[in-house]
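Engineer: Sequence:
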Amino acid sequence: MKKIFALFLFFFSVLVLSQKKWDLKFYNELVGSEYVIYADNSEVMPMSVKFSFKMTNLKSSLANDKIIVVPANTKRFFVAKITPVNPGEGNQFSYTTTFNFGNAIQEDFDEDYLYVLPFAKGKTHLIFQGYYGKFSHQKDAALDFDLKIGDPVYAAREGTVVLTEDSNHHGCPTISCAKFNNKVLIMHSDGTFADYAHLKYKGVAVKKGDEIKKGQLIGYSGNTGFSSGPHLHFGVFINRIDGSRTFIKTKFKTSQGEGILLEEGKTYTRND
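When you line the sequence shown up against numbering that gives the first Met the number 0, it's residues 0 to 271, in that order.
Read the hints as simulated data drawn from the structure, not as lab findings.
Please read all numbers here as calculations on a predicted model, not as lab measurements.
One thing to keep in mind: the hints can contain errors.
What the hints assert, rightly or not - Calculated pairs, BS3-like style, for lysine-lysine (alpha carbon to alpha carbon, straight line, at most 30 Å):
#1 Lys147 x Lys248
#2 Lys74 x Lys207
#3 Lys250 x Lys178
#4 Lys147 x Lys122
#5 Lys252 x Lys49
#6 Lys24 x Lys207
#7 Lys178 x Lys80
#8 Lys20 x Lys53
#9 Lys20 x Lys201
Work the whole structure out from these sequences, hints included.
Structural biologist: Right, here's the structure in full:
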């Protein structure tokens, strides 16, 4: 008698962003002597998955440790077919998964997109920490604007809200407080994400799944999470399977001109 055993072990990428479990599941169906693995992705953004197989007398149509991208809001997405090598012999398989949000194998993006400043029209604000800043941006091409607690925050680019958090009260100037970040995460049409962080308690004005227009109110600035004082953290990135991020320097429209890369220590006025 042929023996086929399926053991499913799921491991989640460790993210500073969130300790939540994404709404992504994997399952298999036995068709004759073969197993077919499917994925259901109920998230509003694509999810990237790396499968690591262990098999005895079986082969997979998906290469080991290859990353696949499961589209948003997808059911029964084909992942792999597991086929016996010698049908008359016993076999077994198991796999682990590592997954993360977004398209982790993406390389291209709209490098010429013109962003608006993420604060109110007519206002002027300082960039007190710029790209690869010494306090907390050593590896990040991100920007910190000197907004005060309660100042409105606006979307710098249109997109889909994929995550919100505003239940935290606490902030401190050490990495241990990163888990207390209140934020809005928006996915853009080119697959990049914008992170608006350190929002105040109950300071989110949108919800997951909302389609956001450029310049739309999305929340209110605060001082939560890994923060040395009230400000808005803004960064655009492509997510990777291991939880790392490929950051993108963004071009802005300001009173000083268009297509500007913002610099630490300088002030900028929104006039769009």
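Engineer: Each hint should be assessed against the structure and marked as holding or not.
Structural biologist: Hints and how they fare:
1. In summary, the hint linking Lys147 to Lys248 is supported, as the alpha carbons are separated by about 24 Å, within the 30 Å threshold.
2. With a C-alpha separation of about 19 Å, the suggested pairing of Lys74 with Lys207 holds against the 30 Å cut-off.
3. For the hint pairing Lys250 with Lys178, the CA-to-CA distance comes to about 29 Å; that is within 30 Å, so the pair holds.
4. For the hint linking Lys147 to Lys122, the alpha-carbon distance of about 12 Å falls within 30 Å, and the restraint holds.
5. With a C-alpha separation of about 38 Å, the suggested pairing of Lys252 with Lys49 is violated against the 30 Å cut-off.
6. In summary, the hint linking Lys24 to Lys207 is supported, as the alpha carbons are separated by about 19 Å, within the 30 Å threshold.
7. Using a Cα cut-off of 30 Å, the hinted pair Lys178 and Lys80 is violated, with the two alpha carbons roughly 39 Å apart.
8. For the suggested pair Lys20 and Lys53, the alpha carbons sit about 24 Å apart, so the restraint of at most 30 Å is met.
9. Under the criterion of a C-alpha separation no larger than 30 Å, the hint pairing Lys20 with Lys201 is consistent with the structure, at around 22 Å.
Hints 5, 7 from the earlier list are contradicted by this structure; the remaining hints agree with it.
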